Amino acid sequence: MYRRTLLLLMLGVGLALLGAPVASARVTLSRPLTMDVYAPLYNYFSQPVASPTKLGHHLYVAVVRGTVSFYQPMDYLSIQVPWTVMCGRPQPAPMFSSAGGTGKVGNDAEFLFAQPLSGRPCSAIKLPREYPNFQSNVGKGWTHPNLVSRSSLRGPTVTHTYEFGLDGQGKQVSFRIIDPDTRDDYGSFRIYLRDAVRSDCAGNGHAAFFLSLKACLADTPDEPAPSLPPAPRPLTLDQSTVTRVLRSSDVPTAINGEAPSGALTADRFAQVDNVSAAAAAAESKLLRRDGFVAGAISEFHGLKLPSLKSTAAKFASPAQAQKALGDELALAGRTQAPGGTTAGAPQPDADLPGTFLIPFSPGSLELLAAKGDYVFTLVGVANPSPVSQPAEEQQFALLLGRS
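For reference, each letter of the sequence shown is one residue, going 1 to 403 in my numbering.
Treat the hints as calculated values from the structure; they're not laboratory data.
Keep in mind the model is a prediction, meaning the values are calculated, not measured.
Treat the hints with care, as some may be off.
[To be verified] Here are the simulated distance ranges between beta carbons:
no. : residue 1 : residue 2 : range
1   : S276      : H301      : 17 to 23 Å
2   : T143      : G56       : 16 to 22 Å
3   : P386      : Q169      : 56 to 62 Å
4   : S151      : P318      : 53 to 59 Å
5   : S227      : L127      : 27 to 33 Å
6   : P92       : K304      : 40 to 46 Å
7   : P384      : L29       : 53 to 59 Å
8   : S276      : P318      : 43 to 49 Å
9   : S240      : D267      : 17 to 23 Å
10  : G401      : S361      : 28 to 34 Å
The beta-carbon is built from N, C-alpha and C at its ideal position, and this holds for glycine as well.
All chains, please: the whole structure from these sequences, using the hints.
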């Protein structure tokens, strides 16, 4: 019995060495990594994400799905300085949510298919075009990974899903997006990892691993590649609020504080609008009760200039917007006074009909109003000189006039 078993084992090894098919475990997808391209701090790349475990010393495929934007959503809806025209075919919204909010998108992991230009016509550039800003690092440094494809792609896939070749180095693999300023970015990617299989080598696929077809086939199991979940529909959130907050061209001498630039859900709006978690929870609850649809926030500051925070929130009807204004008036004085200030009682603004004013001592104030389906607020904080009420009223009138 022992000799027979040994003989069979030796025969199996011999067949393997001769290139006979070897059974392998079924290839499966990893749980997806989520890479949000928005980063709240000024940086040249998004927060990297890494595989939870080290890759082995063999070939892998990273399957990447998603759409994102490297430009403010305002630029897709109402072009602003320094841009003069939006080119290409932006898509309505990201495939996956982001802390940066939502808006139209012009990028995926492999292609740029929409972008703004300044002083040049759209004919000056070619879109879509390959965009190498999606990067991976298997332990040898950051680089745009090679596309695993039977033939060259000329534009985005329908599902914005791509397969990239990786050569495991016994270390975790990391991913990131390069962008000069990620604070106005939004959208996210889902990244799945799996072992490479023989079908990945077909056509030009083997070149993604820097291997000949023969070497690629020898290094991969003869197993089917696993399927991905169905591609989601783009996020549906009203984006009109992003055009109704203060923008850079309104305050050209100030610095954009780069609050999340996309349209926001009630929970995310309240998080950005408040300092404490308790205050955010209280505002979010009121917003949802009052029929909140979507919101947007912008912030500006500068040396010896007042800090400004502009918000616009859309509600399901004008009546619900009026109700939300009343709730916001009651809430703002209790929980949203700028640090180091004391809130006074809300009062009608004699210079702007329908507008309310909340003084914050010393030297700061907030203006609030409802118009149509929207509620607007503008907070000016002393820095260090007191806020000029006429100047803030002028800015607020500009915001109301756009609606």
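Here is what the structure says about each hint:
The beta-carbon spacing between S276 and H301, approximately 21 Å, falls within the hinted interval of 17 to 23 Å. Taking the beta carbon of each, T143 and G56 are about 20 Å apart, inside 16 to 22 Å as hinted. Our hint of 56 to 62 Å for P386 and Q169 holds, since their Cβ atoms are close to 59 Å apart. In this structure, S151 and P318 meet the distance hint of 53 to 59 Å, their C-beta atoms being roughly 55 Å apart.
Range check, S227 to L127: about 30 Å between beta-carbon atoms, so the 27 to 33 Å window is met. Against the hinted window of 40 to 46 Å, the Cβ-Cβ separation of P92 and K304 comes to about 41 Å, which satisfies the hint. Judged by the Cβ atoms, the range 53 to 59 Å given for P384 and L29 holds: they are separated by roughly 56 Å. One distance hint, 43 to 49 Å for the beta-carbon pair S276 and P318, is violated here, with the actual separation near 31 Å.
Hint check: S240 to D267, Cβ distance near 19 Å, so the stated range 17 to 23 Å holds. Restraint check, G401 to S361: a C-beta distance of roughly 29 Å satisfies the suggested window 28 to 34 Å.
Hint violations for this structure: number 8 only, all remaining hints satisfied.
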